[in-house]
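Number of protein chains: 2
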Amino acid sequence: MKKIVIFGVGLIGGSFALALKKAGTYHIVGVGRSLESLQEAKSLGVIDAYVDTFSDALQPQGLSSQNIPAKAGFSCVKPNIHEALEGADLVLIAAPVAQTASILQSIRPHLSKNTIITDAGSTKTDVLACAKEILGEQFNQFVGGHPIAGAEKSGVTAATANLYVGKNVVLTPALEANRDAVARVADFWRTCGATISEISAETHDSIFAAVSHLPHLLAFALVDDIASRPNAQQLFSFAASGFRDFTRIAGSHPEMWRDISLANKTALLTELDAYLNELSQLKKLLTNEDGAGLQALFERASAARNAWAKK
Amino acid sequence: MKKIVIFGVGLIGGSFALALKKAGTYHIVGVGRSLESLQEAKSLGVIDAYVDTFSDALQPQGLSSQNIPAKAGFSCVKPNIHEALEGADLVLIAAPVAQTASILQSIRPHLSKNTIITDAGSTKTDVLACAKEILGEQFNQFVGGHPIAGAEKSGVTAATANLYVGKNVVLTPALEANRDAVARVADFWRTCGATISEISAETHDSIFAAVSHLPHLLAFALVDDIASRPNAQQLFSFAASGFRDFTRIAGSHPEMWRDISLANKTALLTELDAYLNELSQLKKLLTNEDGAGLQALFERASAARNAWAKK
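Chains A and B supply the protein sequences, listed in that same order.
Quick note: the first sequence uses this note's numbering, first residue 478, plus one each step.
Quick note: the second sequence uses this note's numbering, first residue 478, plus one each step.
Isolated chain A, as found in the complex:
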């Protein structure tokens, strides 16, 4: 029976667990900051066991599991993370991306050569740099990953065994990565029903700045702009289905998107500048009442959007 350790049992980690359990027999250990959430994950059958020492591991002075104090209600006093990682085939890091370093530091002292580590973060260059620094010579056991699955809902109660069916999982292994580890991570995701792409971390971050991170920023900005007006309630009362779909991603998790924005700052600023340039061209067409120019722009966009949607 394969043993999987999941750091962060929310929508992404929880759905990974449920998909594997649907496909076969796995022993799944959840690690997280919130005891309540881990208990809920266990009662929902998402995980088989849990370790809630992650919150301690997050404190710089508490990196060694030997120092973790006993917790009320736990018979097992120490090396929780050590026990969790013992004999693990795979570690999935599915916590907010800013916690990656702390998690890797908590894993490092207990990591055997047979355990593969992957993650589900929305940015990859920063994650790989962090993993390389912390894991050192064991960096070849790390395979960066990014499941492209909607995440505007969050928490383990939103997890579902079918989340990844037909979805794309992008793997971004470093050149140093063990190719067998890459193949094994790909196999786990295929077991969840996903298809696999492999690109470099830099290409990943540049692509997702354009097709995901920038649209999120634009949607957040529009809603914030409207919400800050004195007549916001009147404006919202006339908003309809176009507004609903355009702003759906503005309902996403603020902390997660703060982390993604900061982690992918350079590529995101490049995209934001390109978009500001596009808007300034559009403003010029409108100011000059250039109907032909506006229609040409709208036609290019409409044709491209509809061609994409057909695929």
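Keep in mind that the hints are not guaranteed to be accurate.
Below, a list of computed lysine-lysine pairs in the DSSO-like style, where the Cα atoms sit at most 30 Å apart [stated by the list, open to error]:
{"no.": "1", "chain 1": "A", "residue 1": "742", "chain 2": "B", "residue 2": "498"}
{"no.": "2", "chain 1": "B", "residue 1": "644", "chain 2": "B", "residue 2": "519"}
{"no.": "3", "chain 1": "B", "residue 1": "498", "chain 2": "B", "residue 2": "590"}
{"no.": "4", "chain 1": "A", "residue 1": "499", "chain 2": "A", "residue 2": "644"}
{"no.": "5", "chain 1": "A", "residue 1": "630", "chain 2": "B", "residue 2": "479"}
{"no.": "6", "chain 1": "A", "residue 1": "787", "chain 2": "B", "residue 2": "630"}
{"no.": "7", "chain 1": "A", "residue 1": "788", "chain 2": "B", "residue 2": "742"}
{"no.": "8", "chain 1": "A", "residue 1": "644", "chain 2": "A", "residue 2": "630"}
{"no.": "9", "chain 1": "A", "residue 1": "630", "chain 2": "B", "residue 2": "788"}
{"no.": "10", "chain 1": "B", "residue 1": "742", "chain 2": "B", "residue 2": "630"}
{"no.": "11", "chain 1": "B", "residue 1": "479", "chain 2": "B", "residue 2": "630"}
{"no.": "12", "chain 1": "A", "residue 1": "760", "chain 2": "B", "residue 2": "761"}
{"no.": "13", "chain 1": "B", "residue 1": "630", "chain 2": "A", "residue 2": "760"}
{"no.": "14", "chain 1": "B", "residue 1": "498", "chain 2": "B", "residue 2": "519"}
{"no.": "15", "chain 1": "B", "residue 1": "760", "chain 2": "A", "residue 2": "761"}
{"no.": "16", "chain 1": "A", "residue 1": "742", "chain 2": "B", "residue 2": "761"}
{"no.": "17", "chain 1": "B", "residue 1": "479", "chain 2": "B", "residue 2": "742"}
{"no.": "18", "chain 1": "A", "residue 1": "498", "chain 2": "A", "residue 2": "519"}
{"no.": "19", "chain 1": "B", "residue 1": "760", "chain 2": "B", "residue 2": "644"}
{"no.": "20", "chain 1": "B", "residue 1": "590", "chain 2": "B", "residue 2": "479"}
{"no.": "21", "chain 1": "A", "residue 1": "644", "chain 2": "B", "residue 2": "787"}
{"no.": "22", "chain 1": "A", "residue 1": "630", "chain 2": "B", "residue 2": "590"}
{"no.": "23", "chain 1": "B", "residue 1": "498", "chain 2": "A", "residue 2": "644"}
{"no.": "24", "chain 1": "B", "residue 1": "742", "chain 2": "B", "residue 2": "644"}
{"no.": "25", "chain 1": "B", "residue 1": "761", "chain 2": "B", "residue 2": "788"}
{"no.": "26", "chain 1": "B", "residue 1": "760", "chain 2": "A", "residue 2": "760"}
{"no.": "27", "chain 1": "B", "residue 1": "630", "chain 2": "A", "residue 2": "761"}
{"no.": "28", "chain 1": "A", "residue 1": "787", "chain 2": "B", "residue 2": "644"}
{"no.": "29", "chain 1": "B", "residue 1": "498", "chain 2": "B", "residue 2": "630"}
{"no.": "30", "chain 1": "B", "residue 1": "788", "chain 2": "B", "residue 2": "609"}
{"no.": "31", "chain 1": "A", "residue 1": "630", "chain 2": "B", "residue 2": "761"}
{"no.": "32", "chain 1": "B", "residue 1": "761", "chain 2": "A", "residue 2": "761"}
{"no.": "33", "chain 1": "B", "residue 1": "787", "chain 2": "A", "residue 2": "630"}
{"no.": "34", "chain 1": "A", "residue 1": "788", "chain 2": "A", "residue 2": "630"}
{"no.": "35", "chain 1": "B", "residue 1": "742", "chain 2": "A", "residue 2": "761"}
Per the computed footprint, the stretches of chain B lying under chain A, defined by three or more beta-carbons under 8 Å from a beta-carbon of chain A, are [said to hold, decoys possible]:
{"no.": "36", "region": "590-599"}
{"no.": "37", "region": "680-690"}
Derived CB-CB ranges, DEER-like [said to hold, decoys possible]:
{"no.": "38", "chain 1": "B", "residue 1": "630", "chain 2": "A", "residue 2": "520", "range": "28 to 34 Å"}
{"no.": "39", "chain 1": "B", "residue 1": "526", "chain 2": "A", "residue 2": "630", "range": "48 to 54 Å"}
{"no.": "40", "chain 1": "B", "residue 1": "656", "chain 2": "A", "residue 2": "757", "range": "42 to 48 Å"}
Treat the hints as calculated values from the structure; they're not laboratory data.
All C-beta atoms in this analysis are idealised placements derived from N, C-alpha and C, irrespective of residue type, glycine included.
The hints should help you fit chain B onto chain A, whose structure is shown.
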């Protein structure tokens, strides 16, 4: 039996016809530019009769129906529009907003005192100004309207009797409007299942610049920006559900949105400037790596979006 004349039998006009026919007995005459589309509307049971002289009426020199030449395959040589309007209770103009003047000019010579005119245009200040100029002392028979119903699909084949059920129809009558005419237009829309709001044309245009027209421009701009890149196909291949929803309105009708943009230019430029200001604040937060500022903006937006979605 009430007689309704619909200029432009596409999604909006066709759905209005189907909704009325579902609720009662109406004689519905379609008027349009395309004989083929009118024949299709008739064969689908959306309209009972049609007049295809609208394309002639659009030519400045052909405004009087007396001058309209015979058409191949038509036994009735002239006053088609006169016949269509004879005894009509209501005229609905549901054609692209830039055609409103031509349509009103073609109606004007045949308009009895008992016929009410309304429209379904997405902008209202320009439509009311145009109606006032063309209809003169009969302007009190005109009631501006805007059904808030999704329109990224178009054409009579997309029309459905349920399009307006539970949707909002905004009426923007001028101060001169006959209050009985306003009440009767409201009743027609209620028969289609819609609820009614009444605001001024100026308020309407300012509200919809913010919650509809600007989001359309932003979505068109994003897709055009991406589609123009050398690696557009790679970018599109990684776009997922967030991108899909954000850009859905970029698949909208280019000509219609050119007309809306030009018609509501002033309010739209005001909104675009406010948004550019918001984006420049966001860019500053990102450039300065101001995590707290980014998170605060995302939290305001996320809370407002989710509160709106709950309603």
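Cross-check of the supplied hints:
Proximity of residue 742 (chain A) to residue 498 (chain B) is assessed by CA-CA distance (about 56 Å); at most 30 Å being required, the pair is judged violated. Pair hint residue 644 (chain B) plus residue 519 (chain B) holds up; C-alpha atoms about 26 Å apart against a cutoff of 30 Å. For the given pair, residue 498 (chain B) sits about 25 Å from residue 590 (chain B) by alpha-carbon distance, which is consistent with the 30 Å threshold. A threshold of 30 Å between alpha carbons decides the hint, and for residue 499 (chain A) with residue 644 (chain A) the separation of about 17 Å falls inside it, so the pair holds.
At most 30 Å may separate the alpha-carbon atoms for a hinted pair to count; residue 630 (chain A) and residue 479 (chain B) exceed this at roughly 50 Å. Proposed proximity of residue 787 (chain A) and residue 630 (chain B) is supported: the alpha carbons are some 14 Å apart, at most 30 Å. Of the supplied pair hints, the one linking residue 788 (chain A) and residue 742 (chain B) is violated, its CA atoms being roughly 35 Å apart against a limit of 30 Å. For the hint pairing residue 644 (chain A) with residue 630 (chain A), the CA-to-CA distance comes to about 17 Å; that is within 30 Å, so the pair holds.
Simply put, residue 630 (chain A) and residue 788 (chain B) have alpha-carbon atoms about 18 Å apart, close enough for the 30 Å limit, and the pair holds. Of the pairs offered as hints, the one joining residue 742 (chain B) and residue 630 (chain B) holds, with about 24 Å between alpha carbons and a cut-off of 30 Å not exceeded. Among the hinted pairs, residue 479 (chain B) with residue 630 (chain B) is consistent with the structure: their alpha-carbon atoms are about 29 Å apart, no more than 30 Å. With a CA separation close to 21 Å, the supplied pair residue 760 (chain A) and residue 761 (chain B) stays within the 30 Å bound.
This hinted pair checks out: residue 630 (chain B) and residue 760 (chain A) have alpha carbons roughly 26 Å apart, not beyond 30 Å. Our distance criterion of 30 Å between C-alpha atoms is met by residue 498 (chain B) and residue 519 (chain B), whose separation comes to about 13 Å. About 21 Å separates the Cα atoms of residue 760 (chain B) and residue 761 (chain A), which keeps this hinted pair within 30 Å; it holds. The suggested pairing of residue 742 (chain A) with residue 761 (chain B) holds, with an alpha-carbon distance near 11 Å, which does not exceed 30 Å.
Between the alpha carbons of residue 479 (chain B) and residue 742 (chain B) the distance comes to roughly 38 Å, so the proposed pair goes past 30 Å and is violated. Among the hinted pairs, residue 498 (chain A) with residue 519 (chain A) is consistent with the structure: their alpha-carbon atoms are about 13 Å apart, no more than 30 Å. For the given pair, residue 760 (chain B) sits about 37 Å from residue 644 (chain B) by alpha-carbon distance, which is inconsistent with the 30 Å threshold. Pair hint residue 590 (chain B) plus residue 479 (chain B) holds up; C-alpha atoms about 15 Å apart against a cutoff of 30 Å.
As the CA atoms of residue 644 (chain A) and residue 787 (chain B) are separated by approximately 28 Å, the hinted pair is consistent with the 30 Å bound. Simply put, residue 630 (chain A) and residue 590 (chain B) have alpha-carbon atoms about 56 Å apart, too far for the 30 Å limit, and the pair is violated. Annotation: proposed proximity of residue 498 (chain B) to residue 644 (chain A) is violated, straight-line Cα distance about 44 Å (limit 30 Å). Our distance criterion of 30 Å between C-alpha atoms is met by residue 742 (chain B) and residue 644 (chain B), whose separation comes to about 26 Å.
For the proposed pair residue 761 (chain B) and residue 788 (chain B), the alpha carbon gap of about 33 Å is over 30 Å, so the pair is violated. At most 30 Å may separate the alpha-carbon atoms for a hinted pair to count; residue 760 (chain B) and residue 760 (chain A) meet this at roughly 19 Å. A C-alpha spacing of about 28 Å is found between residue 630 (chain B) and residue 761 (chain A), which places the hinted pair at or below 30 Å, so the restraint holds. The straight-line distance between the Cα atoms of residue 787 (chain A) and residue 644 (chain B) is roughly 28 Å, inside the 30 Å bound, and the hint therefore holds.
Our distance criterion of 30 Å between C-alpha atoms is met by residue 498 (chain B) and residue 630 (chain B), whose separation comes to about 22 Å. The suggested pairing of residue 788 (chain B) with residue 609 (chain B) is violated, with an alpha-carbon distance near 37 Å, which exceeds 30 Å. The hinted pair formed by residue 630 (chain A) and residue 761 (chain B) meets the criterion: a straight-line CA distance of about 28 Å does not exceed 30 Å. About 24 Å separates the Cα atoms of residue 761 (chain B) and residue 761 (chain A), which keeps this hinted pair within 30 Å; it holds.
Taking the CA atoms of residue 787 (chain B) and residue 630 (chain A), the gap is near 14 Å; set against the 30 Å cutoff, the hint holds. Distance check on the hinted pair: residue 788 (chain A) and residue 630 (chain A) sit about 25 Å apart at the alpha-carbon level, within 30 Å; holds. Using a Cα cut-off of 30 Å, the hinted pair residue 742 (chain B) and residue 761 (chain A) holds, with the two alpha carbons roughly 11 Å apart. Beta-carbon proximity to chain A at under 8 Å applies to 0 residues in the region 590-599 of chain B; the threshold of 3 is not reached and the given coverage is violated.
Only residues whose C-beta sits within less than 8 Å of a C-beta in chain A count toward coverage, and the region 680-690 of chain B has 5 of them, enough to reach three; the restraint holds. Distance hint check for residue 630 (chain B) and residue 520 (chain A): the Cβ-Cβ separation is about 45 Å, which falls outside the suggested range of 28 to 34 Å. Checked against the hint of 48 to 54 Å, the C-beta distance between residue 526 (chain B) and residue 630 (chain A) comes to roughly 51 Å, which is consistent with it. Range check, residue 656 (chain B) to residue 757 (chain A): about 46 Å between beta-carbon atoms, so the 42 to 48 Å window is met.
Taken one by one, the earlier hints fail for this structure at numbers 1, 5, 7, 17, 19, 22, 23, 25, 30, 36, 38, listed in ascending order.
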